[in-house]
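Residue numbers (my numbering), protein chains in the order written: chain A, 12 to 677; chain B, 243 to 440; chain C, 112 to 401.
Please note that the accuracy of each hint is not assured.
Claimed, not checked - No more than 30 Å apart at the CA atoms, straight line, and that leaves these computed lysine-lysine pairs for DSS-like:
id, chain 1, residue 1, chain 2, residue 2
1, A, Lys493, C, Lys284
2, C, Lys249, C, Lys284
3, C, Lys167, C, Lys255
4, B, Lys430, C, Lys249
5, B, Lys257, C, Lys167
6, C, Lys327, A, Lys492
7, A, Lys492, C, Lys398
8, A, Lys493, C, Lys359
9, A, Lys644, A, Lys240
10, A, Lys421, A, Lys549
11, B, Lys348, C, Lys167
What the hints assert, rightly or not - Only part of the chain B face toward chain A is listed, based on derived beta-carbon distances under 7 Å:
id, residue
12, Lys257
13, Phe258
14, Cys276
15, Gly277
16, Lys278
17, Thr280
18, Ala281
19, Gly282
20, Ala286
21, Arg326
22, Pro328
23, Glu330
Hints in this document: simulated from the structure, not taken from any laboratory. None of the values given here were measured: they were computed from a predicted structure. All C-beta atoms in this analysis are idealised placements derived from N, C-alpha and C, irrespective of residue type, glycine included.
If you want the building blocks of each chain, they are given just below.
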Amino acid sequence: MARVGVFICHCGTNISGAMDITRVVEAARKMPMVVTASDNKYTCSEPGQASVRQAIADNKLNRVVIAACSPRMHEPTFRKAVAAAGLNPYLLEIANIREQCSWVHAHDRKKATDKAIELVKIAVAKVIRHEPLYPREVPVTKRALVIGGGITGIQAALDIANAGHEVVLLEQEPTIGGRMAQLDKTFPTLDCSACILTPKMVDVANHPNIRLITYAEIKEVRGFVGNFKVEIMQKARKVDHTKCTGCGTCWQKCPEKSPSEFDLGLGNRPSIYIPFAQAVPAKPVIDTDHCRYIKYLQWVADGEQGKKPPECRICEKICPTGSIAWDQEPQTITEEFGAVVVATGFQVYDHRHYEEYGGGAYPDVISGMQLERLMNASGPTGGEIIRPSDGAHPKTVAFVCCVGSRDQAKGRTYCSKVCCMYTAKHAIMLKEHDPHVQCYIFYIDVRAGGKDFEEFYLRALDDAGAIYIKGRPSKIYQDGKKMIVLVEHALMGRPIEVAADLVVLATGMEPRTGADRLAQKLNISYNTYHFLVEAHPKLRPVETQTDGIFVAGACVGPRDIPESVAQGSAAAAKVVGLFSRDALVTDPVTSVVNRDRCIGCLLCIAVCPYKAIDCETTRDKRVVAVVNESLCKGCGLCVGACRPKAVDLRGFTSQQILEEVNSLWS
Amino acid sequence: MISAVSVIKPQPDTKFRSFVEAHIGQSISQCYQCGKCTAGCPVAYTMDLTPRRVIRALQLGMENELENSSSMWICLSCLTCSARCPREIDIAGVMEALRLATAGNKPSPSQKKFRLFHELFIMSFQFSGRAYELGLGVAYNVLSGHLLNMVSIIPGMLRRGKLACLPHRGQGSDIQGIFNRVDALKRKNNEQTQSSKP
Amino acid sequence: MIETDRYAYYPGCCAKASAKEYDATTRLVCQALGIELVELENWVCCGASSAHSVDKLLGITLPAQELQSAARLNLDLVASCSLCFSRLKIAAHELKNENIRNQVSEILNEKIPANPRNGVKHLLQVLESHMDKIPLKKPLKDLKVACYYGCLLGRPKEIAEFEDEENPQVMDKIISRLGGEPVEWGFKAECCGGSHIFTRQDIVLKLSHRLLYQAKQAGADCLAVVCPVCHSNLDAMQKSIDAEYKDKVDLPALYITQLIGLAAGLPVKKLMFDKLFVDPIPLLRRKGLV
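Could you put together the complete structure from these sequences and hints?
Written out as structure tokens, the structure reads:
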């Protein structure tokens with residue numbers, strides 16, 4: 012026999028200001044099975060909670076209704092209070108008479124009071140039918156997976172490893188380092204990018220707690236927080252890294268060159284290669300699309316049609332340790348983790364989409380990242396800033412901002428945040444390389460929001476003498492040796508033509524190709540642009556809606572290095588916090604399948620947004636659905652979809668909800 | 243001495259603005275004044291108000307500047323601005339709307355010759371159904387006062403048989419009927435708008 | 112199903128006068144390719160730049176009349192002039208609006224369908240689809256052609272339904288098919304100055320000069336065009352351009368149909384090269400094409 016206690020909160024004047032609390036209390040007293048009803052000014056306060064606890068004891072209550080603010084505010088608080096009084100915390104129901112009543116009906120006191128009474132009536136009807144619920148504990152595997160070996164992933168991996176936990180750092184390229192490895196200097200400090208990055212890369216390689224897996228991708232992810240099972244696909248390097256010493260003899264002798272991805276097409280690299288000199292691991296992979304021997308093998312497999320291609324195999328012949336392994340195949344590695352950090356970073360927007368700027372056809376119209384490679388001493392030109400077309404030193408350089416950003420017509424409305432700053436950096440660096448150069452920067456707005464950023468922008472203006480002209484260029488074309496930029500000098504109000512030796516397009520950031528597929532494998536959300544979505548953009552920036560999967564860095568949105576590093580550490584902190592417990596407590600408000608009623612249609616599996624339902628075969632050979640309570644979030648979609656009404660949601664059973672409805676008519 | 247300064251009257255809807263926005267089906271507050279339209283406009287160099295400034299004038303309700311501007315008449319409707327605008331605003335449509343909005347007014351000195359040309363062009367096919375280039379040319383030269391305009395290519399055109407001396411004899415096309423009915427419909431629409439006014 | 116070898120043809124006002132050679136060679140080439148052109152009866156001016164600039168309804172009604180004519184024939188309508196093509200396409204788009212459709216129906220005294228079966232094409236699109244039928248009697252070997260599309264073919268993108276507006280390739284493909292060498296240049300789709308030929312000749316001279324200069328820089332021997340307005344700006348005005356800019360560009364501007372006719376081995380006299388102001392014969396002779 013239920014003994015219900017109803018506690019109505021004034022919430023200061025938030026609730027009492029809009030309705031007649033006394034009338035609500037009186038009505039509550041008359042509701043079925045209500046033993047006591049009272050009101051309190053601030054039920055969530057210590058005295059308020061104490062009075063609830065006291066009332067439970069005095070009246071031997073076994074069900075509690077608290078009519079107050081939204082459960083999203085204080086359900087955990089009141090659950091704890093009820094538990095402290097000795098009751099199962101799930102024998103509580105909250106009637107939201109604030110957000111759903113007093114805050115929206117303040118203009119009609121009588122109606123607000125009537126509605127509050129109805130809300131309490133519903134809550135009483137429901138709570139009578141509550142059953143005690145007991146959370147479960149699941150174990151936690153204290154190993155972390157970090158996907159992405161750029162600065163963000165490196166930072167996260169190091170932090171987690173230093174906290175004493177095992178980390179696997181996964182990177183799809185042959186080396187870690189990400190975009191930072193391609194940069195020359197970083198704003199606003201003008202640190203040499205590689206100099207600050209490579210020590211961390213080496214730390215990762217040497218750390219006893221970090222296992223580095225490069226040239227590999229995620230194949231499949233199953234499981235739930237604390238218990239992820241991940242299949243990793245190790246791509247075939249065709250080089251045995253257990254034997255290879257990284258001596259470099261092979262890549263020095265390889266005859267087949269192709270455009271270097273690392274140098275963004277400005278230079279070439281051999282088919283057996285490491286992407287850059289400080290690569291970690293400093294052991295090569297073979298590019299099977301260009302390798303001569305692979306092509307030869309293909310020719311043989313195709314039936315030896317036409318002219319015989321060269322067999323080559325020079326690398327194999329000169330390798331002192333016999334590390335070339337032509338028959339190496341992709342391998343699947345299965346690992347278990349308790350948490351995953353996604354730090355897959357960004358790629359540079361492809362400026363070939365801008366046909367009006369030449370569509371990539373003009374060699375002297377380059378992207379910002381390409382300029383970084385030119386400026387970099389270990390780049391394709393040894394640090395000489397020269398025109399790709401004829402190798403001449405440019406005297407007039409034009410910069411076009413917002414390429415691939417703030418442009419609805421190109422399908423990218425967002426601002427890429429870093430381009431204004433890196434363009435200022437470029438202007439400063441160009442002046443350092445050549446005091447006679449003149450830079451023109453065509454901008455719409457200059458955004459310099461970070462620490463020391465405004466001063467850095469002023470450096471570009473004052474010290475580097477860069478001329479900033481407001482106006483978005485409409486067209487760039489070639490006239491003889493010069494590139495002509497058509498732009499409006501908006502602040503002067505007339506169109507101008509600027510003849511430049513070199514044009515640098517400040518291309519924006521976008522997520523890596525395939526970020527959407529990775530997100531789907533992990534069951535996390537992404538937006539229109541494939542940036543990953545945080546659990547809350549303001550207050551939970553490194554968590555996702557999926558417990559145990561964290562995100563950090565530029566894969567979430569455009570950001571610079573300090574922000575990315577901070578987020579890498581933040582995600583690491585979350586992981587370490589997760590690992591500080593040996594077991595995780597799960598929320599018992601989950602669905603449960605009545606196997607006798609389940610007809611095995613499995614519609615619930617199709618509608619579950621959390622992939623929380625599986626199927627299994629019963630002993631009497633029937634296929635039935637089964638809910639993984641660790642993944643279930645209690646949304647109830649399965650209950651709605653279930654045709655034979657075999658699934659029910661604990662804490663929100665069908666019967667409870669129907670009684671809520673019925674109670675309104677009694 | 244205080245010099246006269248244009249006062250910006252930031253009224254949300256001026257008569258030009260509503261008409262323009264209805265014509266293009268977009269809000270011009272979307273324009274963030276980047277200037278790409280002007281940069282790509284082949285004739286911006288000779289406009290009194292560049293396309294970006296035209297939009298700005300509309301945004302700020304500075305109508306008097308637009309009424310007498312020749313910008314929309316110099317506009318070639320090449321549509322480059324609309325094609326490249328990063329906010330996908332139909333700027334060429336704005337120019338068209340301004341032409342339509344001012345077509346009934348007395349032309350300002352800078353607008354005169356364009357308005358004259360359009361009027362004469364339409365007249366040149368109003369009677370025969372097809373444009374009468376020679377007649378148009380002669381009428382334009384005389385009425386605009388530029389008597390020698392285009393005269394240099396006339397002998398070459400005549401020699402090559404590329405200039406019809408007489409207007410085309412339109413058989414069966416009810417061109418005059420079309421013009422009459424267009425005018426009648428416009429008058430009817432105007433009356434309806436007038437009668438629906440409070 | 113709309114036929115692909117028979118089209119309603121809208122010649123445009125320039126056809127019998129300033130673009131005589133374009134109309135003649137269009138008919139000639141289409142005949143050679145087995146394309147039947149059915150000229151619309153009683154067609155009127157499309158309104159060009161003037162009608163839509165001063166009167167929206169007039170600007171839609173005039174092309175609408177032609178669309179209706181073609182609909183009655185149940186054929187796709189093909190226009191050889193880019194300006195006419197643009198007006199026809201825009202009118203077809205505007206007529207999707209019920210209010211406008213009703214008004215235009217009232218003026219033309221016939222009901223305009225909400226979803227007409229037939230469409231509007233530019234001659235270039237029709238030629239492309241029949242490209243492989245062109246007999247290659249005289250390949251345009253060593254002839255470097257700058258294909259000039261003009262500003263209106265590809266704009267506005269959604270309405271024109273033509274290919275890429277900044278770097279179209281249709282004409283270039285045709286020239287390649289004819290054995291010629293299309294040059295890549297950055298002004299394929301930039302405006303020539305259009306109808307300002309009467310009112311602001313200085314604009315036409317400036318813009319057309321820019322086109323000719325850029326085409327020459329790109330290594331072109333001649334230009335290929337698909338619009339009578341563009342053509343007269345580049346051809347008839349070339350002498351004035353030379354005088355104004357103290358230059359002698361000497362770049363013949365030919366209609367694409369003249370080039371196709373040449374490559375297909377059609378009688379040279381019928382290709383009306385003598386109608387051009389900038390004589391292409393010396394160039395064609397140099398290349399062994401005449």
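Against the structure, the hints:
no., hint, in the structure
1, A/Lys493 / C/Lys284, "holds, 28 Å"
2, C/Lys249 / C/Lys284, "holds, 17 Å"
3, C/Lys167 / C/Lys255, "violated, 42 Å"
4, B/Lys430 / C/Lys249, "violated, 60 Å"
5, B/Lys257 / C/Lys167, "holds, 18 Å"
6, C/Lys327 / A/Lys492, "holds, 15 Å"
7, A/Lys492 / C/Lys398, "holds, 29 Å"
8, A/Lys493 / C/Lys359, "holds, 22 Å"
9, A/Lys644 / A/Lys240, "holds, 20 Å"
10, A/Lys421 / A/Lys549, "holds, 28 Å"
11, B/Lys348 / C/Lys167, "holds, 19 Å"
12, Lys257, "violated, 25 Å"
13, Phe258, "violated, 20 Å"
14, Cys276, "holds, 4 Å"
15, Gly277, "holds, 4 Å"
16, Lys278, "holds, 4 Å"
17, Thr280, "holds, 4 Å"
18, Ala281, "holds, 4 Å"
19, Gly282, "holds, 3 Å"
20, Ala286, "holds, 5 Å"
21, Arg326, "holds, 6 Å"
22, Pro328, "holds, 4 Å"
23, Glu330, "holds, 5 Å"
Checked against the numbered hints listed earlier, the structure breaks hints 3, 4, 12 and 13; every other hint is satisfied.
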